[in-house]
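Since chain X is already given, all that's left is putting chains Y and U on it; use the hints.
Chain order of the listed sequences is X, Y and U. In this text, residue positions in the first sequence follow this note's numbering: the first is 1, and each later residue adds one. In this text, residue positions in the second sequence follow this note's numbering: the first is 1, and each later residue adds one. In this text, residue positions in the third sequence follow this note's numbering: the first is 1, and each later residue adds one.
The hints are simulated quantities; they were obtained by calculation from the structure and are not laboratory data. Computed from a predicted model, the values in this text were never measured in an experiment. Treat the hints loosely; a few may be bogus.
Claimed, not checked - If you want the footprint, here are the derived chain X segments under chain Y, 3+ residues with CB under 8 Å: (1) 77-85; (2) 235-248; (3) 285-294; (4) 305-313.
To be verified - What follows is a set of in silico ranges between Cβ atoms, one per label pair, in the way DEER data are often shown: (5) X:Gly155 - U:Gly58: 48 to 58 Å; (6) U:Asp220 - Y:Pro236: 47 to 57 Å; (7) Y:Glu323 - U:Pro174: 57 to 67 Å; (8) U:Val38 - Y:Glu154: 31 to 41 Å; (9) U:Ala270 - X:Pro213: 50 to 60 Å; (10) Y:Glu227 - X:Asp292: 34 to 44 Å.
C-beta: ideal position from N, C-alpha, C; glycine also.
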Amino acid sequence: MEEHVLAAVVQIRSGRIEARPKRDGKLRHVIESQQFTVPLLMELFDRARGMERVVARGGSLEYQNRIMATLFYAPSTRTRLSFEAAMHRLGGRILSTEHAQAFSSEIDGEQVEDTIRIIGGYSDVIVIRHYQEGGAKRAAQVSPVPVINAGDSEGGQHPTQALLDLYTIYRERPLDGLSVAIIGELDKGRTARSLAYLLAKFERVKIFFVSPPELQMKPDILSYLDEHGVHYELEPDMNRVIGEVDVVYQTRIRPERTSGSLQQYAINSALLPKMKQDVLILHPLPRTVELDQSVDQDPRALYFRQAQNGLYVRMALLTLLLEKN
Amino acid sequence: MEEHVLAAVVQIRSGRIEARPKRDGKLRHVIESQQFTVPLLMELFDRARGMERVVARGGSLEYQNRIMATLFYAPSTRTRLSFEAAMHRLGGRILSTEHAQAFSSEIDGEQVEDTIRIIGGYSDVIVIRHYQEGGAKRAAQVSPVPVINAGDSEGGQHPTQALLDLYTIYRERPLDGLSVAIIGELDKGRTARSLAYLLAKFERVKIFFVSPPELQMKPDILSYLDEHGVHYELEPDMNRVIGEVDVVYQTRIRPERTSGSLQQYAINSALLPKMKQDVLILHPLPRTVELDQSVDQDPRALYFRQAQNGLYVRMALLTLLLEKN
Amino acid sequence: MEEHVLAAVVQIRSGRIEARPKRDGKLRHVIESQQFTVPLLMELFDRARGMERVVARGGSLEYQNRIMATLFYAPSTRTRLSFEAAMHRLGGRILSTEHAQAFSSEIDGEQVEDTIRIIGGYSDVIVIRHYQEGGAKRAAQVSPVPVINAGDSEGGQHPTQALLDLYTIYRERPLDGLSVAIIGELDKGRTARSLAYLLAKFERVKIFFVSPPELQMKPDILSYLDEHGVHYELEPDMNRVIGEVDVVYQTRIRPERTSGSLQQYAINSALLPKMKQDVLILHPLPRTVELDQSVDQDPRALYFRQAQNGLYVRMALLTLLLEKN
Numbered sequence: 001m002e003e004h005v006l007a008a009v010v011q012i013r014s015g016r017i018e019a020r021p022k023r024d025g026k027l028r029h030v031i032e033s034q035q036f037t038v039p040l041l042m043e044l045f046d047r048a049r050g051m052e053r054v055v056a057r058g059g060s061l062e063y064q065n066r067i068m069a070t071l072f073y074a075p076s077t078r079t080r081l082s083f084e085a086a087m088h089r090l091g092g093r094i095l096s097t098e099h100a101q102a103f104s105s106e107i108d109g110e111q112v113e114d115t116i117r118i119i120g121g122y123s124d125v126i127v128i129r130h131y132q133e134g135g136a137k138r139a140a141q142v143s144p145v146p147v148i149n150a151g152d153s154e155g156g157q158h159p160t161q162a163l164l165d166l167y168t169i170y171r172e173r174p175l176d177g178l179s180v181a182i183i184g185e186l187d188k189g190r191t192a193r194s195l196a197y198l199l200a201k202f203e204r205v206k207i208f209f210v211s212p213p214e215l216q217m218k219p220d221i222l223s224y225l226d227e228h229g230v231h232y233e234l235e236p237d238m239n240r241v242i243g244e245v246d247v248v249y250q251t252r253i254r255p256e257r258t259s260g261s262l263q264q265y266a267i268n269s270a271l272l273p274k275m276k277q278d279v280l281i282l283h284p285l286p287r288t289v290e291l292d293q294s295v296d297q298d299p300r301a302l303y304f305r306q307a308q309n310g311l312y313v314r315m316a317l318l319t320l321l322l323e324k325n
Numbered sequence: 001m002e003e004h005v006l007a008a009v010v011q012i013r014s015g016r017i018e019a020r021p022k023r024d025g026k027l028r029h030v031i032e033s034q035q036f037t038v039p040l041l042m043e044l045f046d047r048a049r050g051m052e053r054v055v056a057r058g059g060s061l062e063y064q065n066r067i068m069a070t071l072f073y074a075p076s077t078r079t080r081l082s083f084e085a086a087m088h089r090l091g092g093r094i095l096s097t098e099h100a101q102a103f104s105s106e107i108d109g110e111q112v113e114d115t116i117r118i119i120g121g122y123s124d125v126i127v128i129r130h131y132q133e134g135g136a137k138r139a140a141q142v143s144p145v146p147v148i149n150a151g152d153s154e155g156g157q158h159p160t161q162a163l164l165d166l167y168t169i170y171r172e173r174p175l176d177g178l179s180v181a182i183i184g185e186l187d188k189g190r191t192a193r194s195l196a197y198l199l200a201k202f203e204r205v206k207i208f209f210v211s212p213p214e215l216q217m218k219p220d221i222l223s224y225l226d227e228h229g230v231h232y233e234l235e236p237d238m239n240r241v242i243g244e245v246d247v248v249y250q251t252r253i254r255p256e257r258t259s260g261s262l263q264q265y266a267i268n269s270a271l272l273p274k275m276k277q278d279v280l281i282l283h284p285l286p287r288t289v290e291l292d293q294s295v296d297q298d299p300r301a302l303y304f305r306q307a308q309n310g311l312y313v314r315m316a317l318l319t320l321l322l323e324k325n
Numbered sequence: 001m002e003e004h005v006l007a008a009v010v011q012i013r014s015g016r017i018e019a020r021p022k023r024d025g026k027l028r029h030v031i032e033s034q035q036f037t038v039p040l041l042m043e044l045f046d047r048a049r050g051m052e053r054v055v056a057r058g059g060s061l062e063y064q065n066r067i068m069a070t071l072f073y074a075p076s077t078r079t080r081l082s083f084e085a086a087m088h089r090l091g092g093r094i095l096s097t098e099h100a101q102a103f104s105s106e107i108d109g110e111q112v113e114d115t116i117r118i119i120g121g122y123s124d125v126i127v128i129r130h131y132q133e134g135g136a137k138r139a140a141q142v143s144p145v146p147v148i149n150a151g152d153s154e155g156g157q158h159p160t161q162a163l164l165d166l167y168t169i170y171r172e173r174p175l176d177g178l179s180v181a182i183i184g185e186l187d188k189g190r191t192a193r194s195l196a197y198l199l200a201k202f203e204r205v206k207i208f209f210v211s212p213p214e215l216q217m218k219p220d221i222l223s224y225l226d227e228h229g230v231h232y233e234l235e236p237d238m239n240r241v242i243g244e245v246d247v248v249y250q251t252r253i254r255p256e257r258t259s260g261s262l263q264q265y266a267i268n269s270a271l272l273p274k275m276k277q278d279v280l281i282l283h284p285l286p287r288t289v290e291l292d293q294s295v296d297q298d299p300r301a302l303y304f305r306q307a308q309n310g311l312y313v314r315m316a317l318l319t320l321l322l323e324k325n
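Chain X with its partners taken away, still in its complex shape (with noise of 0.2 Å):
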């Protein structure tokens, strides 16, 4: 990696967090998705593709001594299974916690900041879904090992599944030049928001948010588009884009959360005929009204080869991160 590109890798090391690179260039902690360069992308996306061949073989041992913590202060089954199989996969060892806030049950006043210089001390990197905003970076900021963060409140970042919404894209067409429509709750879809970053990275990309007014994407990201160059729409009304992007970003709205038909912003068999033919249905699950299960058979959607794509970018981003330290 050249050193322009490094001076945008958010460097963070024990105590404190570092504006400028390490000297050696090297990833240490996974917050936020625009920490991530193109080229850094690229290598992680190469990586990816390797380990869809090691697993087709069977996995590896490599790893086989180093140890992976998760510390789910709130539960996810699914994005800690995802991470544990990359570990696995990879031959490695796995500290489990399901529900995370038993620690702080134990003693109220305990800080994240204690837990993660102890479980620090046990493993070799930690992945961290924190209920507050900012738990992530906090925790990066003591710890020993590198942090993950997945997931981190609801208008927080979830930066790991935006990685791999944007490598399923990646693995079927070229990345510049792309039109996506980001459907859904969108002030509280931390997914969105991690996705929306990571595509202003590449170039001619035009973005249609599509929400109710009252849960529209926040102005922070709208900002860093703009201030990014990154041409974008608020548009409250499906039916105008379905028919015009190259990927269709479905994520969930809570029936409770709007006062309008939910129904406008679904997506059913019969809107696939107005999507384009080569269009690309996204959505990072779970799901429930949002997205009808006559949808699945089609060829274009393609969010459970997604939710398996999950599997080899953590994997190759446990690799970036564990031969790195």
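Using the frame of chain X, we list chains Y and U on its own:
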């Protein structure tokens, strides 16, 4: 295995249950105990005996690249750890959930099918305990990897429990000609139900269902036994059969479920002299008042060996499923 | 080890506790800290130093066929993960429960003895945290494999915590002649209790129990110290001893348990100048208000190294138990 045998094996492929066997006659999913034929049982039991030797030698590393996921929507630490120990003794790896209902807590409408499609991409075999009757079958219908039913609802089945129950008897005596008392709360006894299906596979078996009339075995099992020409009796009085049978299979009765005296259905040391000198006393465990600890010292009490046999039978089953897929 | 030493090791065999040592003098279960003799402690600490080197080299695969079960009836993720990391660094395998009380939730009357008999057939060593005082001892009385007490109730013991506490002191200075202030809610402090038993093994030790009178150390420990000729004082005023002692062992005080001011028993940076220049500041963690984060930067604050030492001591203990059974 011969062709006519294979026809009895329930074969399930992605998307639908197939009545006819797979071409290659391989066991794919384990959902109901009645899908096991006598030759398949004998193959399984043969392997289980081999597994006793493998464990005595300290286990194997043969499956060190394979991953088993345990999805327990209802907690059952004992059954879960039995499966996980089996996978470990084969050298394999575990993705584990103590309370997989955390999955669906996230979004209420989520379907088990979506979860299975995803976890099936992360693992080589899935062990599921679902809170709904038929949950395991629904899982098998969409799973890309073998599914094992580890208990589906109180009135459903628990086929691997029945397999280890039968294996425990098989290790002691011939299965043809056996007389068995199955005692307890039989209408909601999935282990009793699964065992009845298996016993029906053998010649000249006689089953006494011993239970308060209001908690007796349900008609679906009785019809199955009628169809297969199995001799059975419904018996409210334990004392009338306890001295006659080769096997006493005790299960729980919850006090709140019967108006009568539970004492009539409890086994304690006072009853031991009335039983056959070579009777086998079994219980799927956990137990409460229906099986007194004073029975534990009797050499005819086999329930702890029975639990241990669960390890060998589950190891055998895992090798059958993993080598053939 | 010599014969007279072995006599002090509590030996427990299936079904009953034996007062006399096993013929071969081997350590079988770890239930109470007082079962450790000085020579056994020295053997353990020697091994622990070896484990520091094993971990620095990236761990071992020596125990890759062995299984450790962690049965935590009360959740304690930190202690559980410390044991699990220790087993992983030895190459071993884990059967894990975050909330083993799910066992007993199934049927209320279930006894820990049944669970242990079963899990002992699935594993090579059991680590148990039980909610009842004596729970671990009851487990050891029936277990076919070694049992380690990872904390039994608030007023019970936590022997491995005391072992790592003592190891942390041992790494810094001689244990004979030590003066130690043990501060906090001592009547319900199982780590303080277990440590007091261990300190009593050494010569010319002086212990100050610093606590509000209503939360002072219970008479059973004080009698034990009297019997073993250990000098101790009950001290309500931390300031009177803080400048004299070689070791400050701080533990929690829950605000709701005392009517007095907790501030009197809290350690913060203002107190640091009053302490000896080479004092060792320890805390079993987790902490709340009783140990301010401003203390963390002081080189005499050893509590994170103490937590790290838990890994080495538990690895050492596991090798002692696993190789000898």
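Taking the hints in turn, this is what the structure says about them:
1. 77-85: With 6 residues closer than 8 Å to chain Y, the segment 77-85 of chain X meets the three-residue bar; holds.
2. 235-248: Violated: only 0 residues of the segment 235-248 of chain X have a Cβ under 8 Å from chain Y.
3. 285-294: That given contact holds, which follows from 6 residues of the segment 285-294 of chain X lying within Cβ reach (below 8 Å) of chain Y.
4. 305-313: holds (count 3)
5. X:Gly155 - U:Gly58: 48 to 58 Å: violated, 39 Å
6. U:Asp220 - Y:Pro236: 47 to 57 Å: holds, 53 Å
7. Y:Glu323 - U:Pro174: 57 to 67 Å: holds, 59 Å
8. U:Val38 - Y:Glu154: 31 to 41 Å: violated, 55 Å
9. U:Ala270 - X:Pro213: 50 to 60 Å: Given a distance of about 54 Å, which is inside 50 to 60 Å, the answer is holds.
10. Y:Glu227 - X:Asp292: 34 to 44 Å: Hint holds: Cβ distance 41 Å, inside 34 to 44 Å.
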